[in-house]
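Both chains are sitting in their own frames, so use the hints and assemble them into the complex.
If you read the protein sequences in the order shown, they are chains A and B.
If you count the first sequence from 1, position 251 lands on 251 in the UniProt record's numbering, and the numbers rise without skipping.
If you count the second sequence from 1, position 358 lands on 358 in the UniProt record's numbering, and the numbers rise without skipping.
Source of the hints: derived by calculation from the structure; they are not laboratory data.
Wrong hints could be hidden among the right ones.
Computed list of lysine-lysine pairs in DSS-like fashion (alpha-carbon distance at most 30 Å, straight line) [said to hold, decoys possible]: (1) B:K395 - B:K371; (2) A:K575 - B:K552; (3) B:K518 - B:K531; (4) A:K199 - A:K127; (5) B:K330 - B:K254; (6) A:K127 - B:K254; (7) A:K581 - B:K552; (8) A:K327 - A:K339; (9) B:K531 - A:K581; (10) B:K371 - B:K330; (11) A:K199 - B:K329; (12) A:K273 - A:K210; (13) B:K562 - B:K552; (14) A:K199 - B:K395; (15) A:K197 - B:K395; (16) B:K329 - B:K371; (17) A:K575 - B:K395; (18) A:K581 - B:K564; (19) A:K581 - B:K555; (20) A:K210 - A:K197; (21) B:K518 - A:K127; (22) A:K127 - A:K251; (23) A:K199 - A:K210; (24) B:K564 - A:K197; (25) A:K575 - B:K562; (26) B:K329 - A:K192; (27) B:K330 - A:K199; (28) A:K127 - A:K210; (29) B:K330 - A:K575; (30) A:K251 - A:K197.
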Amino acid sequence: MTALFLCSLLLALAVTPWSSTAFASPDYHEQLFLQPLPQSSLLASFNFRSNTSQQSFDNQHFRYFPRALGQILQHAHTKELHLRFTTGRWDAESWGSRPWRGSKEGGTGVELWAWIDAPGDEEAFAKWITLTQSLSGLFCASLNFVDSTRTTRPVVSFEPAGNHQGADGLHLLHGTLPGEVVCTENLTPFLKLLPCKGKAGISTLFDGHKLFDAAWQSMSVDVQPICTAEGECTVQIEQTVDMVLDIERSKRPRANPIPRPLPNDQLACDTSKPYNSEDTCYPLERITDNAWSLSEVFGRNLDGVCPLTGSDGTSEQSVCLRVPHEKQVFITQEASEIKKDDGFTRCFSLSPSQAFDISVPEQTVTTPVPIEEPILNAERTIVGHGQERGGMRIIFGNPSNTTAVDFILFESLPWFLRPYIHTLQATITGQDGIRREIPTKDLVSSTYYRPAIDRERGTQLELALSVPAASTVTLTYDFEKAILRYTEYPPDANRGFNVAPAVIRILNTPDSAPFYIRSTSLLLPLPTPDFSMPYNVIILTSTVIALAFGTVFNILVRRVVSVDEATALVAQTVKGRLLGKLIALRDRIRPKQTKVE
Amino acid sequence: MTVKPGDPVSPLTPASDASKSHTTRTRVPPPETPEAVQTRFRVIAAFWAVIIFLGFPIWWQTTSIYRAHLPIQEMVDWADGKTCRPVYPLEIHVAAPLLQSPESQHLLRTTQHTLDDLNEFAAHHLRLKLTNDTSDSAARVVEDSTSTLRNTAGETPDVVLTVRVLPEEGLATPRSELLAHTTQLDVFYPPSQIPSPSTSNPPLSVFIAQELQRLYGEEKATIAHILSGESAGLDSTSPQLTESISRRLRRSMKYAETYHLSFSLFTPGSVPSSWDIEAAVQEYLSPLLDAFEPISNFTIDTQVQLYATFSPMTPAPIYDETEAAWTLKKEDLSAFINAAEWPLNPSIGNGPTLNFILYVPDPSQSPMVVKENRASSWIVPQWGGVFLLNPPLEKDQSNPAHLSQDSLQSAFMTFSHQLLTLLGTPSTPASLPLRLQTLIRVRAATLLLSASSTMGSLARLTESLPSIPIPANVASSVSTTLSHLSATCSHLRDGRFNAALASARVAENEAERSFFEKTMVGQVYFPDEHKVAVYLPLLGPIGVPLIVGLMKEVKRLLAEWKAKRAAA
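Chain B on its own, in the form it takes in the complex (with noise of 0.2 Å):
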């Protein structure tokens, strides 16, 4: 606007000077109207809005991916376990009915006393509390066994034991008795050794003392390398404990609440073709899966599978003279099952299916039993068990055609031994409620950083995948299961163990939900080759001349601009 007709246009080069100068004939066409330069100025700029203004959203509103807003920060928080410790109050009530009340105050006071100096695991430790209902303290404990089991939604902690501390007579030193069907532990001590509130550490509190921490030693080992990893929890576990509780952990389950089990008969001949299933799992299972209940759910099924042979892999059985039976190795018996034959597939719905196979050896190859130790069973690491039974021989040398419930006990007994391994309940104590309750305890603790570590996973992995959908469900999801977390570890804080377990479930559930969602994993996937193959052939001739246009008219108003500055 400020170049006046006639003067020579500003950015003419020294060598257009020269050509100017060599062909004198040609000449320079008149320098162009403002109105041109303003119109091609309007063109080109309305050009770029409507690409930048109508364009450029339409294409990122169609192509973006709906990202639901995840709590990235807190998700890592909990998989690196910031947010929450989780610790083990265990509440035990002891009730010492013939001791006067600032004695038994007293036992209380140096029992709880030695306890705390006995343990050295901070997170895992047990509160006494005395009762006064003593009197029939020894019927309600045993309701307690299973009702405290049911109790999650109270808000007192739960009960875990109760100690009778009775005195008896004829006794050199106290003794206890742990009573097989509760949770309940009797000391009984001599009435001589009454403690006096002036004794610091009477014997009778020690023997308590250790009586408790033998009781909840491999509980407190176990939690302990469950929260601590796989490096070994505690200094004071004695090296065999730590091995057969990596053991356990190893063979264990996932935690799952409906395990189907899946009992079969399997035999290489045509007999036995029947057994007394029903009322073999009746007798010998249903009062143990009862006992699981708060825990667990199950369902059973069980079928006769004939003519089932070994799979051509599998190294035959060999007779041992010695013994007088048909052997197989200890390194063989990975390959006794024929998975590629036997139909052993998973039962249909949620939760894994626990495998139990009874195999009846053909007469030419019974009895058989494991070489090394002669044994008749074994466990298959988170699959199931196996069980030999070498029943006796008809007169004919032939197997029986039908099994009786007697002949199956000894194999039940060892399935239910082998389900209580699978689903990892401890070895001891030997009270079967405590015993639950322990497995109550473990199984929070792995749900709980089971949980946390699959959000530590999702919020990885939506990081790590900027181009994956995060649908609102995700988001829901995540929200749950960290407010279910947090009550799991509020719960355990208080002592409610079944409370804490079923919050920990519902986390589990819904983070493994969140984790696998399957919107997330896109249905198109169009790879960056293919989005250029579309794309280029249009933007590459329609952006050329675009982007040249831009360019002439930002040097032009540049340009403009020095001049402008120059005149002034």
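Chain A on its own, in the form it takes in the complex (with noise of 0.2 Å):
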């Protein structure tokens, strides 16, 4: 509910009162949504967004629109472009739905994936590089690690977002890298994408000790060309980073991050269990929630307003606070606070030049704000043991009691794992909780399956699948781990091989509006040999051949001869005249030294 509300309300902003006059001059907006989450959890959403005319991205005049960022995209001639960058992992069960619906977060490290215009396949592909090595360079990710193994065209899991009226020559890649370790270093190349940099609005929450710290933290960058009914286009950047944030681990000063203890006196126990003494407590759970503040967890103040953001009301309130109007918020005196008639969300206008902060004092709540159950439950783990062979188990649940669920799972697997999908079987738990298999075609009404090459390129998996009301689905399949080349191991071999997240799109959302949920990333144990083995080998097949030669050559060309005549001739070898030279010598120096004495 509240994700859906988030989304909506965004939504609407973003058609409603923006479209009007978006298409009249390039213009920039920014919004920050809070929302407390269970768990002593804070969902902070930030979301930019700035339009540029296509005549003057044509043209390379860069006001709002990144120049960097924009010449990359006209150099790999990419219409339309996402890339992600997310660490952790959203806890469905206790935070709900995902915001944006899941559009704009990606799997677990990098993913990208872009239109390109090209007449062929071939062309596209290497627009494609073209465009990964630009954006590795300009967001310091190992984006050009994305080679044809990493690279897939998904056929129905991605609809472009933007209008592309008389382009027919697009080309959908996509590129995921589950192992890039998302970081500062990824953030700064980020703010600077942003018109305000950073330095005004509410791009100056961030921090990367902060923001690298949360529990689950996305960054998006989305370019997309928005056109009206009259054929005017625009360009449209928006990025957005949206992190969960524990409130107890951000409130931690940074000069002194070590939790400790509270004193016995402090602690609530629970006085009715029978140990409860001195010094035994049975902790309580807390009945109020956390107090926090904009600068306690963000460990900076918001510095007034970016100027840019167009002067109409709604812009105004950049900053959306999602808790009940019971409950009591104090800000900043310069800023104003506006109630929103759902009974849950206000939004604060800010004082273009005073710092802004909000203050949520501890209390108790008696309504809570409603989370959003999710639609769908998804969850993929390898089974299976040993170096040989292994499987996958998928499993979706159903929460809804009416309506079952249509989506399409997209696989992207690297050429070293090689899926059987002769094995794709599945069980369904429906009501009763009866375990039953099933045949794969009553839940698959259509597959799209590419199979790798190796070295060339990975498998690629659509699957269209429904899950009926309030019952679970297992898929399984079985695989075959390859063994690499002695080259083709990365240095940390041994940690395993890096299996991209599965992307889930739903399809039967009440509005079509798109819904996206993705899996963690998965660890592939391979076999690993020991990496000192090729001199090893060397050393072996060299000493066995050498034993062999040896044998032959000697045999073909020693002479045989019996045991007393071999010291006889032993005189005539090298050896042996060394040996009688020496003896001679002796007797020779012994002779002279007889004489002297």
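Right under this line is the structure:
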């Protein structure tokens, strides 16, 4: 419910008031949405959006659109770009549905997909390589490792978000780097793309220490053309940062970040327990929410507003907080609060020059903010044991009691994981809790499968599935692990190999807006050799060959004589002659000595 | 084979004789049969035959690197300047519509004579030629200023300048006038000074010769400076001119076919956040760039960057009471650009990027100037230019939110000036077409030299590193470079400078391509220790018995041969 509301709110903001002015001039908007989540977490959702007209984009006159990114897109003939940097895991069980309906997040690591304008597949791939190389430099990420083995061309999993009129040569390419560690070096270039550069407005809250300390965070960059019915086009760049902060963890001062136990007298103990005493305590669950303020949680103040935002009323309220209206919230004096009539949301008008802070004191809540249940739960794990084979198990749970969920499962598997699609099996657990095996064709309505080619491309598997109401479906298939070549192993081969998360696109959403879920990434242990092996092999085989050769050669060349003949012959060898000479020398010296005596 | 049974084996040493005498019970085995010796010889020979005729060629084949043949000597000759001595014969047309044919012929001859006397740099000389089509010369010449620049394929030399000699009443001495947008020099003379064929050195000829000499003085000095390297070129050049030429050459960019011009508006606050950049570029810059079309292409991009602060290392501007302005010290200007934070990354695509920065200081630091000379702009050599724009403040002491086209005029005039300097355009003469022509000749000279020296470097590189491969496309690039270099040289000799520049461009491109060929750097590098570690475990145990066997056989054969000779 929450996220649905959040999305519909932002969607509404995006559609109604801004569309009237969006095409008049290049403009810029930013918004921060805060929502306390259960388990003392805080969701902070930042959104920055700027537009530029297609004409000035083509002529390379950049105002709010970042020049570096614009030139890369033009050079790579990229019409639409989606780039995601994600770390951590969204805990759907306690936090509910995802922000932006999952459309602004990627799988763990880096995920990139783009629509590229090219006459053919090969040209599109060449442009794609140009794009990944350039973005790799711009964002300090290893995107240049997105090669043909990590690139797929999804057929049904993604739809272009922008308007591409009259462009029929568009190619969708998709690449993931599940092992990429997202960190501050990616945040700095991300901030540089913003017109206010983290110096004014909500972007002043970004601090690498806090952002990457979050339980879950996702940064996204989306570029897409937006056209009116009259054919007037603008290029829109939208950047978002979503993070879930642990309030208690974030409030620790940076100088003293080590958590310390509370003193005994401050502990809330359950005194009804029989063992409760001076030194034994059963802690009670908190009944109040944590107290927090923006400056405590983010470690920084919010410095005024970015003056580039439009002057119409809605965009001035760039900070919104979703807590029950009854809750006490203190704000800086110069700012004003506007309560929305849904009972939960309040937005704040900031004063342009003053620093802004929100402070929520510790208090008991009677009406908690409802958390929307996710449409679908998905979990993917690797099962099996041994170095040779394994299996994949994907569990889908449909929590709804009334509607079935139709969705597309998109898997892009590395080539060294060779799935056996014929082993695809499905079991279903209905409301009665009985596990039944059913033919996969009852669940899978269509399949798009592109098998892997060793060292050239990975497996691409897209399944259109349907999970009936209130049931859990388990899909399993077996796979074989390939043995890599010596040079193909990374330095940390024993850690395992990352398998990109599966992307799930839910089809039957109420308003046909995109809704995505991504599973966690997996770690696949492959048979790993001892890396001094080649030298050992060389030495061992050499020794064997030399032994065999020496034996054969000696048999062919040596002369066979009897033992006593051999002693006579020894005298003729170099060794024998040397020995003889030594004896002769000794004999010559000894008589001399005797003479002197 | 000559050893008879019963005979003692010939190489018996005295020691063995002694041992034999000591131990009488041991007996020497019977000598080997000739068949056994023969078999052993064959076995060893067979092994060695396999090694030499099969193993060695296979090893050679599989480990050799492909090295295409390069004309090393020719490349070194180009680098040493032995193959081509660039010469610059400039053809100048003289039109004297109101002079009789013998008179004009005489004027031409005497002027040429004076010019040759004045010239001290033989590689660069002016050739005068009389033209007859005088009626439409003025109109034609204007057209020529663009069309001659485009004439690249023609067989005739480019006409660099047209001199019109016209009489004018009421003049005491001749005077000249250079039209700023054409390649035409008008010389007016008093009618009394019409040179008669008898005078050997008429004042009019001397005047024209001096004018021409003055016109091409800087170009001559520049080319002499480039061709002679770092040492001073001409004796007659003044030290100031030499200094300014070498300064210009130091500042100017390397030649490229395409330059990316990047105009950026930087300001430490949030305003101004927009500017009339499209109109300003169209109005103030496009004509200049169009004139440059035969030499280079340009792409333009612009950006607005707000909240652009100085780096913490930059010394802050100081308020100067007397000037009523914030001043930057000259020596601090190099730290003005905050390279770490300002997004000034080069544009994508081939060719260098020239950055032009329009900096609008914060109202609290406005106006901002350079302390020493109150200047508001400076050039960053081989990188771009900076202009400090101090717009009039609004009523509330803030910068205007929008910069109009008019307020950008001074900045863009400065930028076009900086662009000319960065591209290496000479400062004289006044006419832009003439300066561009000079630039063509200067660029052709630099490209010729740089491509030649790249060839020399490549030759030295391949000589000094025998282990790098030379793919076939490097060889073909080298041959293209060499053929275009000689084409450049002959075009220069014939006075076709546009064609020369076109060939020199190709030569430079191909030379760079061959030098920076990726496959020449081995992808897999095996150090010698690695090779020893791989080869030795196999070759050691196998090689020792083979070599010992070979040595024994050779020794036996030698002994046999000696014995045979002794017997004979």
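Straight-line Cα separation of K564 of chain B and K197 of chain A no greater than 30 Å?
Violated. K564 of chain B to K197 of chain A sits at ~98 Å, over the 30 Å cutoff.
Does K564 of chain B lie within 30 Å of K581 of chain A when you go C-alpha to C-alpha?
holds (28 Å)
For the pair supplied as a hint, K531 of chain B and K581 of chain A, confirm whether the alpha-carbon distance does not exceed 30 Å.
Status violated; Cα separation ~41 Å.
Hinted pair, alpha-carbon criterion (30 Å max): K329 of chain B, K371 of chain B. Please report holds or violated.
Roughly 5 Å separates the two Cα atoms, so the pair holds.
For a C-alpha distance cap of 30 Å, please report whether K127 of chain A and K210 of chain A respect it.
violated (36 Å)
Between K575 of chain A and K395 of chain B, does the CA-CA distance stay at or below 30 Å?
violated (110 Å)
Would the hint linking K327 of chain A and K339 of chain A be met if the CA-CA limit is 30 Å?
holds (12 Å)
Measure nothing beyond the straight line between the CA atoms of K518 of chain B and K531 of chain B; if it is 30 Å or shorter, mark the hint as holding.
holds (24 Å)
Keeping to a limit of 30 Å between CA atoms, is the pair of K330 of chain B and K575 of chain A held or broken?
violated (86 Å)
Does K254 of chain B sit within 30 Å of K127 of chain A, going by the straight-line distance between their CA atoms?
holds (29 Å)
Pairwise hint evaluation, K395 of chain B against K199 of chain A, where the allowed Cα distance is 30 Å at most
Holds, at roughly 25 Å.
Quickly compare the C-alpha distance for K581 of chain A and K552 of chain B to 30 Å and report which way the hint goes.
holds (21 Å)
Violated hints for the displayed structure, listed by number in ascending order: 4, 9, 12, 17, 22, 24, 28 and 29.
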